[in-house]
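Chemist: Sequence:
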Amino acid sequence: MQIAILGKGNMGTPLAALLRTAGHRVDSLGRLDDPLTALSQAQVVLLALRYEQALALVAQPAIRQALSGKTVIDITNPLAEDFMSLTTGHSTSGAEELARLLPASAVVKAFNTIFAAVLEDHATGRPCKLPVFVAGDDGMAVATVTSLVQDMNLRAIAAGALTNARYLEPMTEMMIQLGYGLGHGDRIGFALEAAA
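In terms of this note's numbering, the sequence shown opens at residue 1 and continues consecutively.
For the record, the hints were derived by calculation from the structure and aren't laboratory data. Any given hint might turn out to be false.
[Stated by the list, open to error] For each label pair, taking beta carbons as the anchor points, the in silico distance ranges come out as:
1. Ala194 with Ala59: 16 to 26 Å
2. Asp121 with Ala80: 21 to 31 Å
3. Ala117 with Ala80: 13 to 23 Å
We treat Cβ as the ideally placed atom computed from N, Cα and C, and that holds for glycine.
Put together the whole structure using the sequences plus the hints.
Modeler: Here it is, written out as structure tokens:
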């Protein structure tokens, strides 16, 4: 599958490595790259940017047109500058705001509840035991993202409609509080386990 990743930072780099290892063709684009050619050729586009950057990017008419008809994976979280709170929540989510700007695309929330360090470890041979929660309204797009997650030897958990991003994004803020505020480190996360 042809995949374009917008962002070559802490999250975009290990995700690109994992997807390439799984046999996918990946265009990894940084801030100074012109994304239009890569977006037009991609079947799936992954937004590995800060939320505000992603919002500004998809507000551009040419970008919206290039993303039309495509599956767009939103891994962003609407975090404040100090990372210690969210800027969006309760009645909407970052993913829903992006989807409003991309009415001709299928936006799927995924990978936002996994720290970059965990993905880096997974890409370099230390298996990740944490799941990837996948939420979206388009069944085919959700199936595509679920398949990509599995291709990376990660476990996908169906997380319902895109509105459930309102709950997935605060999970990340709680991870930040636990990991950085309370000293548990960046190799933690939430899992879904049966009680018995």
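Chemist: Confirm or reject each hint.
Modeler: Taking the hints in turn, this is what the structure says about them:
1. Ala194 with Ala59: 16 to 26 Å: Since Ala194 and Ala59 have Cβ atoms about 42 Å apart, the given range 16 to 26 Å is violated.
2. Asp121 with Ala80: 21 to 31 Å: For Asp121 and Ala80 the Cβ distance comes to about 27 Å; the hint holds.
3. Ala117 with Ala80: 13 to 23 Å: Holds, at about 21 Å.
Violation of the numbered hints given earlier is confined to hint 1; every other hint is satisfied by the structure.
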